[in-house]
Amino acid sequence: MNFPEPDKSRLERRKDLIERLRKDLNADQIIDSSEDLVAYECDALSAYRQRPMLVTLPDNTAQVSAVLKACSALDIPIVPWGAGTGLSGGALPREDGVVLSTARLRSVLDIDLKNRTVTVQPGVTNLAVTEAVEQYGFYYAPDPSSQIACSIGGNIAENSGGVHCLKYGTTTNNVLGLEVVLADGEVVRVGGKGMDQAGYDLLGLLTGSEGLLAITTEATLRILPKPEVARAMMAVFNSVEGAGQAVADIIAAGMVPAGMEIMDQLSIEAVEGFVGAGYPLGVAALLLVELDGPESEVAHHIGVLEGLLRQAGASEIRRAESEADRLRLWAGRKAAFPAMGRISPDYYCMDGTIPRGRLPEVLRRIGELSKGYGLRVANVFHAGDGNLHPLILYDSNVEGDLAKAEGLGADILKLCVEVGGVLSGEHGIGIEKRDLMPCMFNDADLDAQERIKACFDVGQILNPGKVYPVLRRCAEGGAMHVHGGEEKFPELERF
Amino acid sequence: MEESNRVADSIQEQVRQALAEDAALEVFAGGSKSFLGRKQSGRPLDVSALRGVVSYEPGELVLVARPGTRLSEIETLLDGEGQYFAFEPPGWGEAATIGGTVACNLSGPRRFKMGALRDHLLGIEMIDGHGERIRAGGKVVKNVTGYDLSKALAGSFGTLGVLTEVCLKVWPRPETQATLSVHGLLPGAALQHMLDWAARPLEITGLAYDEAGLVARVEGPAQAVRAQIETLRALVAAESSVMQEDESRAFWRHWRELEWLVPGAGMQRWRFSGPPTRMVRLMEALKAEGLQRWGLDWAGGLLWALLPVDTAVGLVHRTAARHEALGWRFAVGERNEEAFTPPNGGVVRMNQMLKRSLDPQNIFNPGKMFALDEIQVGGSGLDG
Chain H
1266 MNFPEPDKSR
1276 LERRKDLIER
1286 LRKDLNADQI
1296 IDSSEDLVAY
1306 ECDALSAYRQ
1316 RPMLVTLPDN
1326 TAQVSAVLKA
1336 CSALDIPIVP
1346 WGAGTGLSGG
1356 ALPREDGVVL
1366 STARLRSVLD
1376 IDLKNRTVTV
1386 QPGVTNLAVT
1396 EAVEQYGFYY
1406 APDPSSQIAC
1416 SIGGNIAENS
1426 GGVHCLKYGT
1436 TTNNVLGLEV
1446 VLADGEVVRV
1456 GGKGMDQAGY
1466 DLLGLLTGSE
1476 GLLAITTEAT
1486 LRILPKPEVA
1496 RAMMAVFNSV
1506 EGAGQAVADI
1516 IAAGMVPAGM
1526 EIMDQLSIEA
1536 VEGFVGAGYP
1546 LGVAALLLVE
1556 LDGPESEVAH
1566 HIGVLEGLLR
1576 QAGASEIRRA
1586 ESEADRLRLW
1596 AGRKAAFPAM
1606 GRISPDYYCM
1616 DGTIPRGRLP
1626 EVLRRIGELS
1636 KGYGLRVANV
1646 FHAGDGNLHP
1656 LILYDSNVEG
1666 DLAKAEGLGA
1676 DILKLCVEVG
1686 GVLSGEHGIG
1696 IEKRDLMPCM
1706 FNDADLDAQE
1716 RIKACFDVGQ
1726 ILNPGKVYPV
1736 LRRCAEGGAM
1746 HVHGGEEKFP
1756 ELERF
Chain R
4 MEESNRVADS
14 IQEQVRQALA
24 EDAALEVFAG
34 GSKSFLGRKQ
44 SGRPLDVSAL
54 RGVVSYEPGE
64 LVLVARPGTR
74 LSEIETLLDG
84 EGQYFAFEPP
94 GWGEAATIGG
104 TVACNLSGPR
114 RFKMGALRDH
124 LLGIEMIDGH
134 GERIRAGGKV
144 VKNVTGYDLS
154 KALAGSFGTL
164 GVLTEVCLKV
174 WPRPETQATL
184 SVHGLLPGAA
194 LQHMLDWAAR
204 PLEITGLAYD
214 EAGLVARVEG
224 PAQAVRAQIE
234 TLRALVAAES
244 SVMQEDESRA
254 FWRHWRELEW
264 LVPGAGMQRW
274 RFSGPPTRMV
284 RLMEALKAEG
294 LQRWGLDWAG
304 GLLWALLPVD
314 TAVGLVHRTA
324 ARHEALGWRF
334 AVGERNEEAF
344 TPPNGGVVRM
354 NQMLKRSLDP
364 QNIFNPGKMF
374 ALDEIQVGGS
384 GLDG
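Residue numbers (the working numbering), protein chains in the order written: chain H, 1266 to 1760; chain R, 4 to 387.
Hints listed in this document are in silico derivations from the structure and should not be mistaken for laboratory results.
Note that the coordinates shown come from a computational prediction; the quantities given were computed from them, not determined experimentally.
Among these hints, one or two may not hold up.
[Said to hold, decoys possible] To give an idea of the chain H side of the interface with chain R (calculated C-beta under 8 Å), a few residues:
no. : residue
1   : Arg1371
2   : Arg1454
3   : Ala1463
4   : Ala1517
5   : Pro1559
6   : His1565
7   : Ile1619
8   : Gly1686
9   : Ala1719
10  : Cys1720
In this text, a Cβ means the ideal position worked out from N, Cα and C, and glycines have one as well.
Please take these sequences and the hints and turn them into a complete structure.
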């Protein structure tokens, strides 16, 4: 991907900007030395790197507002930065721009158990929300794989999902209120602790807007009572299509499991060699299903589920008999991404969603594309909601392999759109899939979206260049690349 | 298909004509929700001819329909496949359409557990205020591609564009249901029970209260429903009874359709939504404005009320705002004060940004939600 040349006049205003920011921020809240700026060169889409001109670390909403006002006045782009764990390059800096990090906004402001809400600053991690309330029997439902590190501000920007979102929704279904700062520095409170908003659904518009419309400084989140029990089951199938049909049967039977995950043979083998989850080897597909809820309900459904899996032709079914067993079954699935490092020097992760009924066709065509490009593809997916994560295996030391991987990735995403699906189920568009947007939306669709941006951010200073393409034609795109296991966050689970 | 394309083209033509003539449009389909929002005087734009289910795939949990399709027709279709809209929309009249239901973001008693309509809206097609037919969102259950414009259309009361197609998530209907009714609780004690029960890991999908008592609906497999009803029953000292299956369904239909909240002469319905802990105090405060019958829904997060038609509307909205609540006035007669409690000044400004981007000439239902076009940029609402 080519990046635009940095605007020289903006670089020349760097000194003015620092001077202006120093009125509201302390010296230690402005990072301007090049060795310190290196840490901000990329998010978890590490194939793309750019060093920002400055990083700011505001301590409170007033300082966020001050940074926005200063940047607005001097026409300097701002890239919001939570934990930098995003997979689509949404937080990729600009050389002529400032990174606004929420790292110092890490307070849990309010725990309201009666109204079942928690209010936090954007730098609080996803897992910390659950940790703040689990002693009272509650939890925060969205659980992206990076939840130990990723920030709530980033979750809101990307509308993050997780393995439980078919039943419990993504971030957008779990946000009740926001405090945001607009491009000109105005602070606005949207929503609250009630279940409705006055006026338009701004929470819906802002959640998933990838930092293009406003910067979140506070979020009021819905918390749920922790289910009484969670039970997991693993079923072996002699084809991925067979596993897919079992998922359809489960839904047709009226069940909504808390999680349903499929892995193909290549993934199973990589994972088993990596973590030893106890998965059988030499099988074509594994389906993991988890049920949660009241003991009396789960006890009934788990029996029905086992019957359905047998009928669907599972050759082996294993119930997790203990909590340790259940976690072990999940450990394999959650290690699927890092496990690719064992079988390939590099991998490249896709994130399209398709109508589940098209799964056999899509898998067949991914297989054909894989042969055509001469690159292996391992498939893991959130089977309940049709969100695919094909992992393209390649070797960046082989001349032309990276370009081939990018081409294959773009073809897979175009295939998802062709069968009625979408470019991204949960990772966001960011910089990565930006140029593929015209494959899914026509000019009028994109005009409407860009007009919203233009009305909210007249000067185009909030994360410009992300999500919406500069040239509107269906182009080749990139995706998440990992080289030699050198992931930006190797310690994070990725699913 | 050809017929519906022709109808959509004609609607697009009417929008373009209105743009050319700078004429306001009043968008409607079944007309069953005409009591919501401020009165309109624009040129009528009837979209009821744009009807029919475009696609329904039970296995995908996705339904696509044109806006003029009757809600009852869709619900019958879903029922045949053992599915339903988990947000349980009220119809408030046989003429209710899916387009109107989306435009009003109407959600019933399951809202506190299963989410609002907006949480189940996956994608839309609409004609915007530039006369263009545009799409947003998708037709799959998980999608983060582009701004989630669909949600902005939910509850926009036809002020951002004319919907030509909506795509909604549908859900398997639970096997059975039963409702526990607890008699003789005072409002404060009833609310405490609601807050306590909603915080328990149970499949409670309805939690409401009125003068007849507290009701709690549990759904799921029969033995699980029985077990949970017994768990709840053991938590109350007051007298209680259980409504099974059909009786339970009939009760919640009656509740959802507000058949228990019938305004007598000189009275009108109001709906207040806010933090559950505040709603009994809001109810107490509304007694000064002539509160008559009332009830709590959404596990305490929604207050239904009858207030006199000649009540001071602004005062009621300010009372609601003081309790962090939003009021909806169900209009009767010709009075045209604010129908909805206005948002704060910052939200007003953001509403105007969105309105300006999609409907720059302000032709769709101008002033229907708020007198937005009468409020200056940066102007303040009630609590701004």
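Evaluation of the provided hints:
1. Arg1371: With Cβ-Cβ at 25 Å, over 8 Å, it is violated.
2. Arg1454: Holds, about 7 Å.
3. Ala1463: Holds, about 4 Å.
4. Ala1517: holds, 6 Å
5. Pro1559: Pro1559 (chain H) check passes; min Cβ-Cβ to chain R is 6 Å, inside 8 Å.
6. His1565: holds, 4 Å
7. Ile1619: holds, 7 Å
8. Gly1686: Hint holds; Gly1686 (chain H) Cβ to chain R Cβ min 5 Å, cut 8 Å.
9. Ala1719: Since the shortest Cβ distance to chain R is 7 Å, the answer is holds.
10. Cys1720: Holds, about 4 Å.
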